[in-house]
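Going down the list, the protein sequences come from chains D and B.
Here UniProt numbering is used: position 259 in the first sequence is 259, and no number is missing along the way.
Here UniProt numbering is used: position 235 in the second sequence is 235, and no number is missing along the way.
These aren't lab readings, by the way, just hints derived from the structure by calculation.
Think of the CB as a built atom: it goes at the ideal place given N, C-alpha and C, for glycine as much as any other residue.
Accuracy of the hints is not assured; some may be wrong.
[To be verified] Quick partial rundown of chain D residues pointing at chain B, CB under 10 Å, derived from the structure:
hint: 1; residue: G25
hint: 2; residue: L105
hint: 3; residue: G224
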Amino acid sequence: MLKVLKAGFFTSIQDLGRFGYRNIGVPVSGFMDNAAVRKANMLLNNDLDAAVLEITMTGPELEFESPTYICLSGADLSSTLNGKTLENYRVIKVSEGDILSCGKLKNGFRSYLAIKDGFQTEKVLGSRSQYFPVTQKASVQDWDEIPYKETPDFKPTISEIKTEGNFDLRSLEVYKGPEFSILSVNQLASLFKKTFTISKENNRMAYQIKELIGKHKHSMLTSGTLPGTVQLTPAGRIIILMKDGQTTGGYPRILQISNTSISILAQKRYRDTISFKLI
Amino acid sequence: MKSYPISIKPFGQSAVLVEWPIKVEDDILQDILNFIDAFQRLNMEDWEISAAYNSLTIVNNQGQIDFIKIKKLIADCYLEQKAKKIKRKEYLWRIPVCYDKAFGIDLDDASRRLGLSVEEIIQMHTSFEYRVYGIGFLPGFMYLGGLPKALEIPRRKEPRLRVAKGSVGLAAKQTGIYPQNSPGGWNIIGRCPIPIFNPNLEKPCFVNVGDKIMFHKISKAEYDLHKIEGEVGIYKPENVQLNA
């Protein structure tokens with residue numbers, strides 16, 4: 001078991017996501033920064049969908065109750081194991097009683113703790129990803145105990161990789177959305193020439209952009225939305241749906257950001273800037 | 001069965017949007033449902049499909065798709081299903097609602113704005129059959145069509161930060177049930193005691209798109225009873241097969 005001594009700001013269990021229930025309104029959920037998790041799971045020779053801890057902004061304090069191997073990736077939270085500094089993208093052996101603590105967030109917004117064979121919490125509708133009310137809790141709480149398999153010995157094929165992460169990338173690759181054609185010349189110019197700021201309203205459901213790009217009066221029947229769908233409200237506000245985003249919506253879908261760009265956006269926080277690049 | 005000019009658009013790199021004419025009507029919904037059946041018979045692994053009023057979102061869960069290829073497949077599938085007679089089971093569900101003022105917190109306000117008495121609102125709300133045109137937004141949230149014109153009322157000016165689970169509301173041409181606590185701007189006229197979405201059941205949402213919903217009025221005591229039955233999982237919602 002992994003004992004959660006302190007949960008941190010928002011720590012949740014995530015895997016690849018919950019597929020097959022979109023038709024009854026269940027969001028996909030899953031890792032926000034897929035690119036970062038993929039590497040961590042690969043270093044541990046895990047399956048792609050092995051469940052990890054997604055740690056947002058302020059890290060947890062965790063106690064390992066049996067030996068295993070872990071790998072951190074994504075944002076660098078200045079984590080330590082029994083006081084010893086840990087590096088991202090490196091396989092680390094942990095022993096019974098080891099305590100992982102987190103410090104200052106150095107870059108990015110979301111950090112991942114992958115563990116050998118993944119966390120073994122119960123699957124709900126085919127996935128371990130926490131999303132309330134599909135799962136009983138929205139996130140990990142103080143004193144939770146998260147099961148994992150004991151692994152006293154493991155020889156990784158590759159024990160570390162050098163990678164920069166995607167924290168400096170600002171440009172998000174986008175495709176035209178289904179209602180792209182409603183955009184006025186002015187709105188188009190703003191969208192692809194300006195730099196935008198991430199607002200305070202940003203979480204696993206959606207990221208809102210601070211700047212407005214002009215009102216519109218287009219009304220439409222509610223229709224499907226996906227992670228990465230960029231909606232434009234009548235007031236001119238840009239909303240980018242993320243992994244826990246609703247499955248349908250009534251605002252025009254002006255753009256769709258690429259899967260890679262969802263990972264980039266997932267590492268942005270309040271006041272960070274982005275731009276859109278049509279591909 | 002009528003045929004419609006459908007449009008097939010790319011929706012990012014891993015999804016396709018299929019659109020029917022921009023209307024809320026039974027014939028279009030039936031056509032969409034027939035298409036879903038036909039698409040599902042293709043047994044395309046990794047693809048999922050969801051309906052909303054006049055559109056279908058078809059998503060590949062593995063990532064990048066070949067749009068030209070899938071577009072052709074969808075177009076062929078649409079033409080082919082036209083040739084087949086499909087028998088699908090549709091149900092009418094009777095959903096209990098308690099219109100007690102403790103739950104129907106906007107009943108008095110709605111009565112004033114609609115120019116109807118509270119009794120008239122309840123009487124009308126419970127005498128129509130509503131068609132389920134889609135399930136989305138939140139797990140188990142039903143988009144219902146068929147609200148009588150007399151009950152059309154704009155959303156509240158200021159949305160509430162928290163609308164209680166089970167709340168039954170009116171907003172423009174829509175009525176529906178909030179399946180979980182959620183922010184919301186609808187005018188709340190009652191509360192449904194039974195869960196519409198339960199992840200612990202084999203079928204987490206008992207309603208299917210295409211089914212019909214009818215509300216019936218229950219007392220506060222019946223509400224309390226059904227609430228407990230719902231929580232322990234023994235409440236069986238009443239249904240009638242429509243096309244038996």
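Original post:
Holds or violated: is there a CB of chain B closer than 10 Å to the CB of G25 of chain D?
Top reply: holds (5 Å)
Original post:
Does the nearest C-beta of chain B fall within a distance shorter than 10 Å of the C-beta of G224 of chain D?
Top reply: Hint holds; G224 of chain D Cβ to chain B Cβ min 3 Å, cut 10 Å.
Original post:
Holds or violated: is there a CB of chain B closer than 10 Å to the CB of L105 of chain D?
Top reply: violated (29 Å)
Checked against the numbered hints above, the structure violates only hint 2.
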